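The primary structure of each chain is shown beneath.
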Amino acid sequence: MEPLLQHLERFSEVLAVSRTTHVSTWDPTTVRRALQWARYLRHVYQRFRSHDRIRTTLERRLHSLCKEGGLGVGPVPGLRNFEALGRCDILLSLRLLKNPALGDAACRYLLQQLFPGAGVRDADRELLQDSLASLARRGSAVHMLRFNIYRENPNLQDDPVMKTQAELLLERLQEVGKNEAGGPSKLLCSLWERLPQNNFLKVIAVALLEPPMSPHPQGEELKLGSPRILEEGSQELLHWLLGKSEILAAFCRNVPAGLLTLVAGRYPALSHAYLSVLADWSQRLHYDLQKGIWVGAESQDVSWEELYTRFQNLCQAPPPLKDEVRTALKSYKAQDGNFEVPGLSIWTDLLLALQSSA
Amino acid sequence: MPNSPQHSSEFPATLDDMKTSFLGAVFKRNKPPACLSSVLKHAWDNPTCAQFLQCWQAAVERRPCPLSDMAQESGDLASDCQFWLQKLSEWDQTCTLETQQDTCLHLPRFQEFLRQIYEALKEADPTTIMERFPTIRQLLAKTCQNPFILAYDESQKIVIWCLCCLINKEPQSSAESRLNSWVRGLLLHILSAFRFDVKEVGPFTQCLGYEPADYCPGLLKNMVASLVSELREGHLNGSNTQRRLAPERLMSLSRICVPLVTLPDCQPLVEALLTYHGQGPQEVLWPELFEAINEAFLLKKISLPVAAVTSLWLRHLPSLERAVLRLFEKFVSSERHRLREIECFIKDSLLPQAACYPAVFRIVDEMFRCALLETDGAPEVLAALQVFTRCFLEARDKENKQLRFAFKAYFPHAPASLAAVLSQLPEGLPQGHWLQRLQLISQQLKEAVENQPQGSHGGPLQSWFLLAHFGGWADVAAEQLLRSDMDPPAALLWFLAFYHGPQEGAQQRARTMVQAEAVLRRLRELSGSTRLSARDLQALGESSPGDPRSPVCTQLIRQLLLNFLLWAPRGHTIAQEAMAFGRLTSKPQLPSPPGWETPCLRAQMCTSLGVHSQLRLRRGWPPPMTSPRRLLAFWTRPCTDGTS
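Protein chains in written order, with our numbering: chain A, 5 to 362; chain B, 4 to 647.
Since the hints were made in silico from the structure, they are not lab data. Note that the coordinates shown come from a computational prediction; the quantities given were computed from them, not determined experimentally. One thing to keep in mind: the hints can contain errors.
Claimed, not checked - Under the rule of at most 35 Å between Cα atoms (straight-line distance), these lysine-lysine pairs were calculated in the DSBU-like manner: (1) Lys190/A with Lys224/B; (2) Lys295/A with Lys190/A; (3) Lys304/B with Lys145/B; (4) Lys295/A with Lys337/A; (5) Lys333/B with Lys350/B; (6) Lys326/A with Lys337/A; (7) Lys172/B with Lys102/A; (8) Lys90/B with Lys102/A; (9) Lys90/B with Lys125/B; (10) Lys333/B with Lys102/A; (11) Lys125/B with Lys102/A; (12) Lys304/B with Lys401/B; (13) Lys90/B with Lys145/B; (14) Lys102/A with Lys304/B; (15) Lys224/B with Lys182/A; (16) Lys333/B with Lys404/B; (17) Lys90/B with Lys224/B; (18) Lys411/B with Lys401/B; (19) Lys304/B with Lys224/B; (20) Lys303/B with Lys404/B; (21) Lys333/B with Lys303/B; (22) Lys102/A with Lys145/B; (23) Lys248/A with Lys224/B; (24) Lys90/B with Lys401/B; (25) Lys172/B with Lys125/B; (26) Lys401/B with Lys303/B; (27) Lys295/A with Lys326/A.
As the list claims (entries may be wrong) - Only part of the chain A face toward chain B is listed, based on derived beta-carbon distances under 7 Å: (28) Ile94; (29) Leu139; (30) Pro200.
Even for Gly, the Cβ is constructed at its ideal location relative to N, Cα and C.
Kindly produce the complete structure, drawing on both the sequences and the hints.
Right, here's the structure in full:
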């Protein structure tokens, strides 16, 4: 077992290095060795993918590598998880090909190995050649679909681009969660810093809806989109979101009303938080007697229309959310003085408006 | 066998005639045709014939013919390069509906061209290549810009191979090094063929540490799933205009799918398209898509559920015709098949299952009819038809009773009672009832034949064709005649005479019946004698000069003799001896096409013995035979004298 683990470590290093300028020192022999290791590890993957114990051991070693950052090559990742082993030869090949630092001789050798041509007798090489060709084919397929057919789905949770991003996020979260306790939180914070926030928040919303509510058998294969991964990941996500009030507020602000209602319907904790946020927003509005409408004090305050839309959406949700919202609204109205006349309490007015539209 | 008038060597006038001739040509060849067009070339020396037949084949394929730019297979690669380079430039400059369609139409031939180029390239070194194909760089570069080509089948792989051939192993000059870099760049472009430029996605995935190779399959899967649910919703909510897909969108989708038909990730989309119907009677999808799917299905590059294939064939007639032609090709293309193989071919084709729809059944039936007519009722075609009918009845049985079409829908021109009574196969009845049933069939058949005014629906041939589907009854009739100790019933004799010669005149048929009866009587005598030998049978097979037999009669008697060997209690004792003789009847039954040898006895038996009898043998029927297995094994062993 230990030799295998060492191979794993060494290859992970190689994979990480393959993206750096270090490869300029590689000659054809080095390339050959790297490819051989990749092939060997892919066999390992095939052999042990249904073998839980061994797989867990291998995965733990990979995670420990990532944690230590003990690759000595900075944030460039090597092998991240067990699944990646199944593609390690493809990953290595593509990284080397894309690396402009790879010398001419080494590159020529690489191409010769990767694309031996028709009628190659070596099953492994044929498999790698076919996998790379298949990747190219699928890439073109995506390109064609994207430019000729794809339309963004107004229901974001059904949009394939959103879904894919969500699945990737959840997979990463679940993986990082295994490494260390605070991992997901750290990752999410760093993503929050670096990414365009609007899109990120939408992806989070879609991710929270991702795993379909159906039971799954134990010991299921871990792959992208596997329900077990998705569920673990979304728990992490929710936890983080609820812990950061600022981000939560931005979340409630930026995610479209319909989508947010769906998410709230699934997670009671989130629906409570959502309602509080809405309550906060509502408190910031005051009644303008002259204009006869509720307005905010500052320009970035949420408008009446926005509030109304959100509450309307919530009231159209299936129970128990619908009932919860109604109850909350009524209790807010009661706390506010239980007026029946419009213009005095925003809660009264909201309820009146909602009732008349229902 | 029907002695229909031979087709004259005059040129066939109508499209139907052409089709019939074509099918006949297919069946007359016993050499495996490399492709159907080469069959045509052999069959017809007359150049105008060949051209016309090409037109017909094109008509089957529903392509405009002859396409001016399709007829460019010059065989000279260098000039082909010019042609394709021009095409690629056209496709490059505009990305309109027409260019997309044109690209899709040319995909298979372009891939073939790429293969040829690769073969030429792989032997040569880069310098020679550049001399021989000066435009190769441009060609490959333009190819790499075309996602339709890269998404099709194996084209991307072949392009990669071609590019690898251009790499200089020991670059001597900077020009050569530059060429190497250029190749490398292009390869990289192919392998990272998509830049999903919805602007947020790139940074997002990068931040998470994913590369396109990681998520491309997942993204494709999600996009396909999204399209499939769009199609399903649009289908289910047909009347709701909002959910229905716009016609342009459907057309666009069907064009995009043409290169993607054999990509496994896109399989659900292909199926969803096949089962998506528009509102009106016009076809909403691009017909070329059906062709592409059909080709992939026939070449076994994809597998589809029965419902999807049926939908395909119902919506696109040429695809159905091609499927049947391909089946026929299989029958012809190798040595004489055994029953089991024919059955496998037929079942695999999914045609019997699809034929549960009367529209499909009638087209397939019509093609069988043409084939039978053209080959004068060749036993191979007959056997195939009978196997097909069995498989069809089996498939129909499995269908939900409420969804079944009435039997009359499949045989609209036949009297309903006759069709119904024939379609109940002998196995479905207890053996004791067979005689009675046969007499009923014979009577109804006779009525149908005699009551039909001449020339209507093809006269007696129409009834014969119906009977041909269920030829098992002829086998049963022969067996009944041999087993009974009494005088042979006239009804059975008439039945068999009709089966073997539907167009015989009444007088000739009466004569045939008398001659057959004589043979039966003699066989009964022989059966009783202790010194029965194969020679006795052979003597019966010979027609005496004083009492000449028509070809129909010869055939009938041969069937009786073969059945005697099989079923009569004394028959099988001399069977082995009879095998050694080589043949039972002196004259070959059909005028042999040039190049065919006279079939040996075993071959005769395999073809003359109906499907029904062969099946019974296979299942180990009937009661006591000393060595049914041995006989069967003997029959189904490959013939050593090379003719079958």
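Here's how the hints hold up against the structure:
no.: 1; hint: Lys190/A with Lys224/B; in the structure: holds (30 Å)
no.: 2; hint: Lys295/A with Lys190/A; in the structure: violated (47 Å)
no.: 3; hint: Lys304/B with Lys145/B; in the structure: holds (27 Å)
no.: 4; hint: Lys295/A with Lys337/A; in the structure: holds (23 Å)
no.: 5; hint: Lys333/B with Lys350/B; in the structure: holds (13 Å)
no.: 6; hint: Lys326/A with Lys337/A; in the structure: holds (17 Å)
no.: 7; hint: Lys172/B with Lys102/A; in the structure: holds (20 Å)
no.: 8; hint: Lys90/B with Lys102/A; in the structure: holds (31 Å)
no.: 9; hint: Lys90/B with Lys125/B; in the structure: holds (24 Å)
no.: 10; hint: Lys333/B with Lys102/A; in the structure: violated (48 Å)
no.: 11; hint: Lys125/B with Lys102/A; in the structure: holds (25 Å)
no.: 12; hint: Lys304/B with Lys401/B; in the structure: holds (27 Å)
no.: 13; hint: Lys90/B with Lys145/B; in the structure: holds (10 Å)
no.: 14; hint: Lys102/A with Lys304/B; in the structure: holds (32 Å)
no.: 15; hint: Lys224/B with Lys182/A; in the structure: holds (27 Å)
no.: 16; hint: Lys333/B with Lys404/B; in the structure: holds (33 Å)
no.: 17; hint: Lys90/B with Lys224/B; in the structure: holds (32 Å)
no.: 18; hint: Lys411/B with Lys401/B; in the structure: holds (18 Å)
no.: 19; hint: Lys304/B with Lys224/B; in the structure: holds (20 Å)
no.: 20; hint: Lys303/B with Lys404/B; in the structure: holds (31 Å)
no.: 21; hint: Lys333/B with Lys303/B; in the structure: holds (14 Å)
no.: 22; hint: Lys102/A with Lys145/B; in the structure: holds (21 Å)
no.: 23; hint: Lys248/A with Lys224/B; in the structure: holds (34 Å)
no.: 24; hint: Lys90/B with Lys401/B; in the structure: violated (50 Å)
no.: 25; hint: Lys172/B with Lys125/B; in the structure: holds (13 Å)
no.: 26; hint: Lys401/B with Lys303/B; in the structure: holds (25 Å)
no.: 27; hint: Lys295/A with Lys326/A; in the structure: holds (31 Å)
no.: 28; hint: Ile94; in the structure: holds (6 Å)
no.: 29; hint: Leu139; in the structure: holds (6 Å)
no.: 30; hint: Pro200; in the structure: holds (6 Å)
The structure fails to meet hints 2, 10, 24 from the earlier list, while all remaining hints are met.
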